[in-house]
Amino acid sequence: VQVGNFRHMITKVQLGGSELAIVVSIVVCCVLLLLCTVALVVYCTKSRRAERYWQKTLLQMEEMESQIREEIRKGFAELQTDMTDLTKELNRSQGIPFLEYKQFVTRTFFPKMCSDYEKSLVQPTYENDSLGPRALPETHPLLQDWQANNTTRPNVEEGITLFSTLLNNKHFLITFVHALEQQKDFAVRDRCSLASLLTIALHGKLEYYTSIMKDLLVDLIDASASKNPKLMLRRTESVVEKMLTNWMSICMYSYLKETVGEPFFLLLCAIKQQINKGSIDVLTGKARYTLNEEWLLRENIEAKPQNINVSFQGCGMDSLSVRVMNTDTICQVKEKIIESFYKNLPFSQWPRAEDVDLEWFNSGSNSKLLQDLDNTSVMEDGRKKLNTVFHYQVPEGASLAMSMKDKKEKTLERVKDLDTEKYVHLVLPHDELMETKKSHRHSHRKKVLPEIYLTRLLSTKGTLQKFLDDLFLAILSIPPDRPPLAIKYFFDFLEEQADKRGITDPDTLHIWKTNSLPLRFWVNILKNPQFVFDIDKTDHMDACLSVIAQAFIDACSISDLQLGKDSPTNKLLYAKEIPEYKKRVQCYYKQIQEMPPLSEQEMNAHLAEESRKYRNEFNTNLALTEIYKYAKRYRNQVINALEANPTARRTQLHHKFEQVIALVEDNIYECCSEA
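One point on numbering: in UniProt numbering, the residue at position 257 of the sequence shown is 257, and numbering is uninterrupted.
Honestly, I wouldn't trust all of these hints.
To be verified - With a Cα cut of at most 27 Å, we get these calculated BS3-like pairs of lysine-lysine:
1) K537 with K112
2) K385 with K272
3) K488 with K613
4) K613 with K205
5) K343 with K184
6) K488 with K368
7) K257 with K102
8) K500 with K590
9) K272 with K571
10) K537 with K272
11) K257 with K582
12) K170 with K613
13) K205 with K170
14) K336 with K422
15) K385 with K466
16) K230 with K257
It is worth saying that the hints were derived from the structure and are not from the lab.
Work out the full structure, taking the sequences as your base and the hints as a guide.
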């Protein structure tokens, strides 16, 4: 220690270490340096490998995109040619197979009843049938003339007439509807049925029907405004909501037929033709080309198109060249041949594939009867495989002859009704797990992820895009020569009701309009083309239309779509187009709003004209009789409601209602006593 001149040594301290410590330090430094070098080399190697993989992936994606674009281009070109030919055929023939107004009404008003009837048509009834056992006779009771049976007496007719007079009294009808809706056992199906029966019964007085509907809607708006007004008209759970659906169907029928019908029918034809351009498994319904992921054939089935020359005995037409796939079953071939010969006629006039025989003249006068199942059928995975064009080795340009079966030979069995546990066509009718197991058993094949086939959805979508755009444009446009008067009138009514209740939120009004027209009428039509046309709507067609309807629903929504990698493909498929469709919807609503207002007199004149055009189309007496059954079931409740209503009580409506019951029921009692 040194302080000034003072120095003193306390102790000696030796700094540093031994040679061993120095060596260890050097070794540690070298190891660290080596590890850093190795890590750097590994990182660079992996980076280069990742870069190469990324470049390879980009090339694969570009190649895939190129293939999709090329497939879309070729598919669109082929489809355009086919559709051009189809359009020419429609112009030369009877045109688009629209259903008559009365059939359109009964199918939209009573969809469950008509659906049950259509299913019964699938089962052949070979009584007095020829080429068209599918024919749609006017079997719906409301389309037939009402005839009194032997037990019907004048009192019954008088009672029904008096009941009709009561229904034409606004105070009675509104009280009657509210009384029934208050009953717990008056289910949604009963409400929809009552609404449709009232529409038929009052079809000749649409002005009165409209005023009743508006009054009931005011009550519904009052009930919804106190809760959540945005939920109004979201579903069809009340009588007035179904009445609105029916009213829209009546008022929009002319516009549907004259403006939307053609682009809608062409879209349906385009979907069908595009689906038929690839393989379709007749048992599972899955196809190479589709818009619905659940109906996508996720296997690379090698299929080739080929043309065959077919003559149809007894058809009165020359032979035709028909395009089929070599993977088609014989039933599928028959259906394509029938479509080629009968494409200018409504579907109800086509023969069934089960009712015809198909023969192949393979050499000279030798012929072979082609069937889905025969003694040449082979087994695959423990199931009998359906015979195809490839199975029979039918060559390009082969000559075939089709003829109607004898009635005794006609069979009730349909290929689509076969037990999928015993038969197979292209793929096993099981879930993805079974398909994965099959791919493991055939591990020698080149493995392909099933998701790779999702690109076919894009291909099908791109091919059909023009036809879909044309349809949406027709729905969301206002022709100058055919303005939608009913829509203007009803949208103004909604705006008036919103103003009266101080509802200023534009989203609420947008939702009301959307729930009234696009979601209530157009979506129903998009999903059910058989309500409009005499066509065959297959299950696969139904699946594709569900995707299109979902795109239309999303376009009418005010909320932005929150899409991610886990979103369903039916929403992802048209995600790019939805913003443009949304603009069209908003523009359509704005154009309707800017139309000149419609007076009550003008609207009543329009409704009276609609009533006049379709006068005497329906059996109104039968509709009244069916409504009376509800009145009888809830007789006491209706009487109590009428007595509680001051206006109804003052005009003695409850006594008149009791008089109806007495006239009808006393006559029934007398008839039973005599019997």
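Comparing the hints with the structure gives:
| no. | hint | in the structure |
| --- | --- | --- |
| 1 | K537 with K112 | 16 Å, holds |
| 2 | K385 with K272 | 25 Å, holds |
| 3 | K488 with K613 | 21 Å, holds |
| 4 | K613 with K205 | 12 Å, holds |
| 5 | K343 with K184 | 50 Å, violated |
| 6 | K488 with K368 | 63 Å, violated |
| 7 | K257 with K102 | 14 Å, holds |
| 8 | K500 with K590 | 21 Å, holds |
| 9 | K272 with K571 | 22 Å, holds |
| 10 | K537 with K272 | 10 Å, holds |
| 11 | K257 with K582 | 24 Å, holds |
| 12 | K170 with K613 | 25 Å, holds |
| 13 | K205 with K170 | 13 Å, holds |
| 14 | K336 with K422 | 26 Å, holds |
| 15 | K385 with K466 | 38 Å, violated |
| 16 | K230 with K257 | 31 Å, violated |
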